Structure formats: C-alpha cells, structure tokens
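There are 2 protein chains.
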Amino acid sequence: MPRHPRLDPLADRYAARTHGMKTSEIRALFSVVSRPEVVSLAGGMPAVTALPLDAVGSMIGELVSGMGAQTLQYGSGQGDPRLRERICDVMALEGITDASPSEVVVTVGSQQGLDLVTRVFVDPGDVVLAEGPSYVGALGVFQAAQARVRHVPMDDDGLIPEALEQALLECRAAGDRVKFLYTVPNYHNPAGVTLSEPRRQAIVELADRYDLLVIEDNPYGLLGFDREPMRALRARDDRRVIYLGSFSKTFSPGLRVGWVLAPLAVREKLVLATEAQVLCPPSLTQYAVARYLDTQPWREQVKHFVELYRERRDAALESLAALMPPGTTWTRPDGGFYVWLKLPHGLDAKLMQPRAVTAHVAYVPGIGFYADGSGQEFMRLSYCYPEPDQIREGVRRLARVIEAELDLHSTFDGVDTGTFRAVSGGQPGIVGPATSDRYGDRA
Amino acid sequence: MPRHPRLDPLADRYAARTHGMKTSEIRALFSVVSRPEVVSLAGGMPAVTALPLDAVGSMIGELVSGMGAQTLQYGSGQGDPRLRERICDVMALEGITDASPSEVVVTVGSQQGLDLVTRVFVDPGDVVLAEGPSYVGALGVFQAAQARVRHVPMDDDGLIPEALEQALLECRAAGDRVKFLYTVPNYHNPAGVTLSEPRRQAIVELADRYDLLVIEDNPYGLLGFDREPMRALRARDDRRVIYLGSFSKTFSPGLRVGWVLAPLAVREKLVLATEAQVLCPPSLTQYAVARYLDTQPWREQVKHFVELYRERRDAALESLAALMPPGTTWTRPDGGFYVWLKLPHGLDAKLMQPRAVTAHVAYVPGIGFYADGSGQEFMRLSYCYPEPDQIREGVRRLARVIEAELDLHSTFDGVDTGTFRAVSGGQPGIVGPATSDRYGDRA
Ligand SMILES: Cc1ncc(COP(=O)(O)O)c(C=O)c1O
Ligand SMILES: Cc1ncc(COP(=O)(O)O)c(C=O)c1O
Chain A
3 MPRHPRLDPL ADRYAARTHG MKTSEIRALF SVVSRPEVVS LAGGMPAVTA LPLDAVGSMI
63 GELVSGMGAQ TLQYGSGQGD PRLRERICDV MALEGITDAS PSEVVVTVGS QQGLDLVTRV
123 FVDPGDVVLA EGPSYVGALG VFQAAQARVR HVPMDDDGLI PEALEQALLE CRAAGDRVKF
183 LYTVPNYHNP AGVTLSEPRR QAIVELADRY DLLVIEDNPY GLLGFDREPM RALRARDDRR
243 VIYLGSFSKT FSPGLRVGWV LAPLAVREKL VLATEAQVLC PPSLTQYAVA RYLDTQPWRE
303 QVKHFVELYR ERRDAALESL AALMPPGTTW TRPDGGFYVW LKLPHGLDAK LMQPRAVTAH
363 VAYVPGIGFY ADGSGQEFMR LSYCYPEPDQ IREGVRRLAR VIEAELDLHS TFDGVDTGTF
423 RAVSGGQPGI VGPATSDRYG DRA
Chain B
3 MPRHPRLDPL ADRYAARTHG MKTSEIRALF SVVSRPEVVS LAGGMPAVTA LPLDAVGSMI
63 GELVSGMGAQ TLQYGSGQGD PRLRERICDV MALEGITDAS PSEVVVTVGS QQGLDLVTRV
123 FVDPGDVVLA EGPSYVGALG VFQAAQARVR HVPMDDDGLI PEALEQALLE CRAAGDRVKF
183 LYTVPNYHNP AGVTLSEPRR QAIVELADRY DLLVIEDNPY GLLGFDREPM RALRARDDRR
243 VIYLGSFSKT FSPGLRVGWV LAPLAVREKL VLATEAQVLC PPSLTQYAVA RYLDTQPWRE
303 QVKHFVELYR ERRDAALESL AALMPPGTTW TRPDGGFYVW LKLPHGLDAK LMQPRAVTAH
363 VAYVPGIGFY ADGSGQEFMR LSYCYPEPDQ IREGVRRLAR VIEAELDLHS TFDGVDTGTF
423 RAVSGGQPGI VGPATSDRYG DRA
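Protein chains in written order, with our numbering: chain A, 3 to 445; chain B, 3 to 445.
Please keep in mind that the hints were generated in silico from the structure rather than gathered at the bench.
Here the structure is a predicted model, which is why all the values come from computation and not from measurement.
To give an idea of the interface, some chain A residues facing chain B are shown, with a C-beta separation under 7 Å as derived from the structure:
hint, residue
1, Leu55
2, Leu74
3, Val122
4, Phe123
5, Asp125
6, Val280
C-beta: ideal position from N, C-alpha, C; glycine also.
Generate coordinates for the entire structure from the input sequences, incorporating the hints supplied.
Written out as structure tokens, the structure reads:
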C-alpha cells in the first residue's frame with residue numbers, strides 16, 4: 003500500500019481535511035486482536051451472541067417476506083416514523099418525556115449522528131470542548147471537520163464543571179468560537195466514569211449561562227449495574243442539548259441504528275445533511291429495530307446484558323485489584339464497557355504494547371483518546387466481550403508485562419502515589435485526564 | 003417548524019456549509035406523490051416487489067439465526083471481505099477485470115460513496131465538472147462540500163468531449179482548481195442518455211491529457227434493454243477513474259449497499275473517511291447481499307427487472323409519442339429509469355407543477371438537476387415504479403396539463419421546433435442541456 007506521499011500520484015489533490023486523517027489506535031490493533039491466542043481487552047464489541055438469535059432471525063426473515071415492499075425499498079431521510087415513535091419511548095426511560103418523533107433523526111449508528119451534528123455546526127478552526135480522554139470516534143469526526151479540540155478534565159464523578167467554566171472563559175478571552183461541548187455522561191468511553199447528579203445540574207446551568215450547546219452522547223445509559231438510568235442532560239434542557247442515542251449496545255451494532263434528538267430547526271438541517279450523505283438509513287435495519295422493540299422482551303434482554311457485563315466488570319476489577327503492581331490505578335465503572343487504567347510513573351502504554359502483544363494480551367493505548375498526543379501513561383481495558391475467565395487471564399498477563407516493564411525501568415522509587423484528581427487551576431488547554439486513586443489500591 | 007432565521011436561536015452558529023443546504027425538489031414532492039390518486043412519474047424507486055421476497059426473507063432470517071455473531075456485530079470499516087470479492091465479480095460484467103477486493107470500499111449506498119469521494123478531494127471553492135443536467139443527490143453532496151459545479155453539456159450520446167475540453171481549458175485559464183469530473187455514463191439520471199463507445203475513449207484520453215480525475219457513477223449499468231453492458235470508463239483507465247457502484251437498482255435500495263473502487267492510496271483515505279462517518283457499514287445488509295449473490299439466481303433476476311423496466315419504458319415512450327403536443331421533446335432511454343422531457347417554448351415545469359398535481363400527475367421539475375437554477379423548461383419522468391397502465395394514464399394527464407398551459411400562454415407560434423443538440427461552442431459555463439429532437443416527433 004503506497005503510504006509515502008510521493009508514491010501517490012493524487013497526493014497533491016486531496017482536500018485539506020484529508021491530510022489530518024490518520025488510522026485510529028483501535029484499527030491499528032485489529033489484526034493483532036483477532037489472533038485466537040490473544041486475550042483482547044481492546045475492542046468495544048458488545049456480546050451479541052447473548053441475543054435470542056433464532057427469534058430475531060425469524061422476526062427479520064418475516065419482515066422481508068411479508069413487508070419487502072417497504073423493508074427493501076428506499077425510505078425517508080429522517081427515518082421510519084414508527085421507529086422514531088419507539089425511540090421516544092426508549093428515551094423516556096432516561097427522563098426525556100417531551101420528545102416528539104418529529105425531532106428525531108434516525109442515523110447509521112450514533113457515529114453518523116456525531117458526524118452530522120459536527121458537519122452542521124463546525125467550520126474549520128472552530129473549537130469543540132470534549133472530556134479528556136474522549137471517545138476516539140468523536141475525535142476522528144472533529145479532526146475530519148478540522149475543529150480544534152480542547153479537552154476538559156474529568157474525575158471519578160465525570161466532567162468537572164469548574165474546569166468547564168474555566169475553559170469557556172479562556173476560549174472567550176482568546177476569541178475562540180466554541181461550537182459545542184461534546185460529552186458522554188454515562189459509563190464514559192474510555193474513562194468508565196459517570197457524571198454525578200449535582201454535576202449534571204451544574205453543567206446545564208453553565209450551558210445556560212454561557213449559551214453553550216451541549217452534545218450528549220449516550221450509547222450506554224441503560225447499561226448501569228446498580229441503579230435506574232440517570233436523568234439525561236436533555237431531560238433538563240431541551241433547547242441547548244442535542245442528544246445522541248444508539249441501539250448498538252442495547253440490541254445490535256451490526257444493524258447500525260442510532261438517532262439524534264434535536265430542536266426542530268436543527269433537526270431540519272440534520273435531515274438535509276443525512277440526505278446528502280446516505281439518502282436515507284437502511285430500511286431493513288430500521289424495521290428490524292422497530293419490530294424488535296414492538297414484539298420482543300427487549301427490556302428483559304437489556305437486563306440480561308447488564309448481568310453479563312456486571313459479571314465481566316467484576317472479573318476485571320477483582321483481578322486488577324489482586325494482580326496489579328503498586329502505582330497502577332484504574333477507574334471503577336458501575337455500568338458500560340470500560341476501565342481506564344493508569345500505569346505506574348514512567349511507563350508508556352503505547353511503547354509497552356509490543357511486549358503486551360508478545361504476552362498475548364491487547365488493550366488500547368490512551369493517546370488515541372486525546373486530540374493532542376497526551377495520555378501516554380493510560381490505557382483502556384474493555385471487559386464487554388471476553389468471558390470472565392479470559393478477562394482474568396488477560397489481566398494476569400497484563401500485570402506481568404507491567405511488572406517486567408517496571409523491572410526494566412527500575413524506577414520503583416518514582417512510582418506515582420499521589421492524588422490524581424484533576425485540578426481546574428491546572429495548565430490551560432489540556433488538564434490531567436481522569437484517573438482514580440480511590441479504586442487504585444491493591445485490595 | 004421554525005424556518006425564519008430569527009426563530010432559530012442557533013441560527014448564528016451553523017457551519018458555513020449548512021447555510022447553502024436546501025430541500026431537494028424531489029423531497030418537496032414526497033407528500034404529494036404518496037397520495038393514491040396521483041400517478042407519480044417523480045420518484046426513482048425500483049420495483050422491489052418483483053424480487054422473490056419469500057426466498058430473500060428466509061435467506062436473511064437464516065443469516066441472523068445462524069450467523070448472528072457476525073451479522074449483528076460491528077464489522078470492518080472497509081466492508082466485508084467476502085462481499086468485496088463478489089463485487090469484483092459483478093464489475094467484471096462491465097469489463098473491469100483487474101479490480102482487487104482490497105481496492106473496494108463498501109458504502110451505505112453509492113450516495114455515501116459520492117459523499118466520501120467528495121470529502122476526500124474537495125475543498126470549499128474547488129470546481130467539480132458534472133453533466134448538465136446531473137444527478138440531484140450528487141449536486142447535494144457538492145453543495146454541502148461548498149464546491150462550485152460547472153455543468154458540461156450532453157446530447158443523445160452523453161457528455162460531449164469537446165465541451166469537456168473547452169470547460170477544462172476555461173477553468174485552467176481562470177485558475178480554477180478542478181477536482182474531478184463527475185459523470186453517469188449509463189442510462190443517465192435524469193437525462194436517460196448513454197455515453198457512446200467512441201466518446202468513452204475520447205473522455206479517457208482527455209482525462210489523461212489534462213490529468214483529470216473522473217468519478218464514474220454507475221448504478222444503472224446492468225439495466226440496458228437492448229445490449230450487453232457497456233465497457234466502464236474504469237476498465238479503460240485504472241489510475242484516473244474512481245468507480246461508484248450500487249446494489250440499489252439490481253437488488254434492493256432498502257439495504258443501502260454500494261461501493262467505491264479506487265486506487266489503493268485513495269482507498270486508504272476513503273476508509274478513514276467512512277470510519278469517521280459511520281464506523282462501518284451495517285453488517286447484516288452486507289451479508290445479505292453477499293449471500294444473495296452467492297445463492298440466488300441474481301443475473302436472472304436482473305434480466306427480469308430489465309424486462310419489466312423495458313415494458314414500462316415502452317409504455318412511456320409510446321404514450322409520449324401519441325399524446326404530447328408539438329414542441330415537446332424527450333430523450334429515448336435504452337436502459338435505466340428516466341425520460342428527460344423538454345416543454346414547448348415558454349413553459350416552465352416548476353410553475354406548471356401545481357396544475358399537474360391538481361390533475362393528479364407528478365414529475366420532478368428540471369431545475370433541481372442544475373446547480374445554477376437553469377433547466378426550467380425540463381422535467382424528469384420516471385417509468386421505473388408505476389405499472390404500464392398507470393404510466394399511460396400519467397402521460398395522458400400530463401399531456402392535457404401541457405396543452406392547457408399552452409392554451410393559457412397562447413404561444414403556439416413561439417413553439418420551439420429547432421435542433422436541440424447542445425453545441426460545444428455555446429455560452430461558457432452552462433450550455434444547453436440534453437434533449438432530443440430525434441425522438442420528439444409526434445409518432
Ligand atoms: C461514546 C460512544 N459514542 C458513539 C459510539 C458509536 O456507536 P454506534 O455508531 O455503534 O451507535 C460509541 C461506540 O463505541 C461510543 O462508545
Ligand atoms: C446516478 C445515481 N447515483 C447514485 C444514486 C444513489 O443510489 P444509492 O445510494 O441508492 O446506491 C442514484 C439513485 O437514484 C443515482 O441515480
């Protein structure tokens with residue numbers, strides 16, 4: 003594959019946005035991760051085999067045999083009206099009770115929702131605020147839009163409101179056009195933390211005070227282990243919050259069905275943007291989701307998923323606590339798919355990766371979750387896909403790799419044992435990413 | 003719905019590209035067209051009910067029941083490797099025998115392919131050359147990318163090479179950055195014409211001489227009524243031609259499966275762009291297409307579609323010839339879905355539309371197919387979806403509307419009877435669109 007620009011005869015013809023595109027850390031891992039001997043704590047693939055595949059199969063088969071004239075045909079750009087109604091029911095579970103189907107746009111996964119919102123709002127050079135770390139797919143979208151990402155620090159309670167306010171003030175002082183805050187309030191990817199109730203209120207108030215648009219990306223909201231779903235930001239503010247949802251984690255990612263809930267004027271722009279991008283979302287997959295919600299016990303299925311992920315989370319946290327060398331810290335997710343781990347002082351997750359692969363364990367290095375190349379000492383561990391035993395084995399291998407690395411560096415005296423809580427008065431721009439010393443102790 | 007900017011509190015926050023987006027002529031018709039009493043010659047919906055729905059339904063049901071771990075899971079951004087192999091077999095039917103699956107990117111319909119190629123190449127202000135008229139969905143993509151579209155005239159043999167060369171020279175003189183030529187060589191949407199064999203050669207030679215990138219958009223290539231598929235431009239030049247294909251017209255548009263064939267360096271950019279846009283195309287729909295190609299008699303099905311569309315084309319052309327008032331001309335498609343009709347001198351298809359709808363017939367006014375608001379005297383008639391009897395009834399109604407309009411205008415002496423063949427020496431920029439006096443005579 004010609005990678006060197008001089009080997010690409012079209013190299014001088016690409017758009018400016020194309021030059022910034024680069025392969026994600028996650029994709030670079032794909033070939034490694036698929037080897038059977040490797041325990042992958044890298045991918046974020048849901049456990050779809052826990053679905054009732056026979057029932058779903060015959061349901062979809064009947065949709066085609068019985069309703070082929072609709073399911074195999076073009077549909078509306080905004081998405082199937084029946085599905086949009088059911089989406090409003092789903093959002094009601096998180097306190098969004100005033101959404102109308104006319105404000106919903108069905109998308110090809112919430113990834114497309116992210117892309118559409120960004121295209122509608124962001125000009126090159128505009129600033130987007132995002133947690134540090136942030137979802138890698140969102141960073142890819144912002145990069146393709148030539149936005150400047152400014153990270154706002156988090157801690158165990160999620161995004162820090164004071165840090166957000168400071169970022170807003172600094173952007174204002176610098177004359178930056180802040181287009182929106184992008185935030186994942188529940189079971190954050192990759193940080194594994196959740197925005198606390200008081201902070202939700204604080205952030206909505208800040209949005210009001212600073213006239214800030216908020217993109218609330220919420221694919222994991224129904225996957226809490228210990229509690230009812232938390233009330234969405236959108237449930238508190240229907241004018242400044244644009245909400246992104248997805249069936250990837252509650253049903254199936256292979257259908258690629260997500261949605262955006264936005265005020266009507268924005269909704270109209272989003273529909274025009276999606277029509278230019280894909281004409282309309284696939285009809286079959288939309289009908290499949292609507293029918294699934296209508297006829298299958300989908301809430302029980304979500305509970306089933308939650309039990310399964312809880313068990314895997316427990317396996318991960320227990321073995322981390324039992325095996326990780328001192329100085330290693332990590333977050334303690336109470337929902338979702340991810341643990342965010344900080345290596346002992348001096349270690350670099352990306353540099354360590356070849357050794358981890360040799361030891362047959364894979365993770366995603368933290369730098370992929372920052373727009374500015376920071377995050378070297380972090381990694382994301384996903385517990386969603388492997389069985390508990392594999393998770394334990396993976397953590398065991400990882401612990402050995404880290405220990406060997408520490409031996410190599412012989413820097414035990416440099417081990418970082420302090421408080422990791424990010425401080426809003428820190429260095430402007432990107433402040434320290436989320437970690438947790440609370441849960442980092444050897445149990 | 004707040005349409006007035008002052009009613010949209012976010013009006014000052016949209017990206018520059020968003021301001022240019024507007025509802026397409028086709029979508030504006032949707033509500034009208036769906037009324038049962040209206041004969042719609044407007045939409046381009048394929049006749050999917052001619053598919054063996056039971057067989058396709060059980061095939062897809064089995065894919066989910068038996069292979070849910072793959073079909074309901076995330077897949078690769080580039081698309082399923084098995085499907086990409088089968089896509090290469092399909093392209094071989096049009097003379098593309100050297101394509102490798104690694105050069106193929108699966109897309110959410112060829113619409114997404116168009117969008118991806120445009121995103122990878124086009125900066126705001128760049129020039130895109132396109133036939134006049136051109137596919138409305140492509141114009142929407144170019145507009146969203148803030149490209150400047152320069153139309154190149156066509157005639158009954160498709161794009162006119164001399165006019166293309168003239169456009170290239172003029173752009174060169176003006177210092178414009180021409181990013182590519184966008185062309186639909188087969189059974190053009192909306193013009194209904196096909197690029198002749200000698201012109202294919204001429205255009206490939208021009209591309210070589212002027213170092214011009216060509217986007218060959220070919221959803222209808224296998225739907226020729228009277229002959230074997232023509233040899234693709236891509237079959238003649240694998241370095242300067244990027245090829246877009248689709249299963250929307252040969253199988254099902256509701257699955258939204260299309261593809262791009264591009265040199266490896268470009269392919270790499272396209273994969274990064276699609277990952278930022280949708281992560282990956284839906285797995286289920288890709289497996290459905292691959293399995294369909296593997297196990298169903300899909301070539302016979304394409305023949306069946308072709309017979310059906312030929313019959314409808316015949317119904318359209320026969321009734322047009324029998325009923326249209328003098329001065330009305332139209333193209334004579336030998337494949338695909340569309341007839342491009344020119345009204346008698348002085349009539350305006352868009353202004354006439356309310357009267358047509360009152361008379362219960364719908365079409366798409368020609369102006370939607372030009373980037374510059376020209377094309378008032380044209381309309382697109384689609385014969386793909388209605389039954390032959392409906393088509394005849396629709397043409398009858400349309401003829402009456404045109405006649406009434408002519409009476410109203412009392413401009414019979416101004417009727418245009420001359421030669422409509424577009425001339426390359428015409429006015430720079432947009433020269434006269436394709437029409438056909440050859441087939442316009444009252445039969
Ligand atoms: C935070 C977040 N947003 C969006 C997505 C995209 O999900 P999808 O496009 O499958 O709906 C993901 C997937 O991992 C995610 O973690
Ligand atoms: C010329 C042309 N290109 C592309 C498309 C988009 O097709 P799809 O996205 O369904 O593959 C169409 C659909 O009508 C078309 O006519």
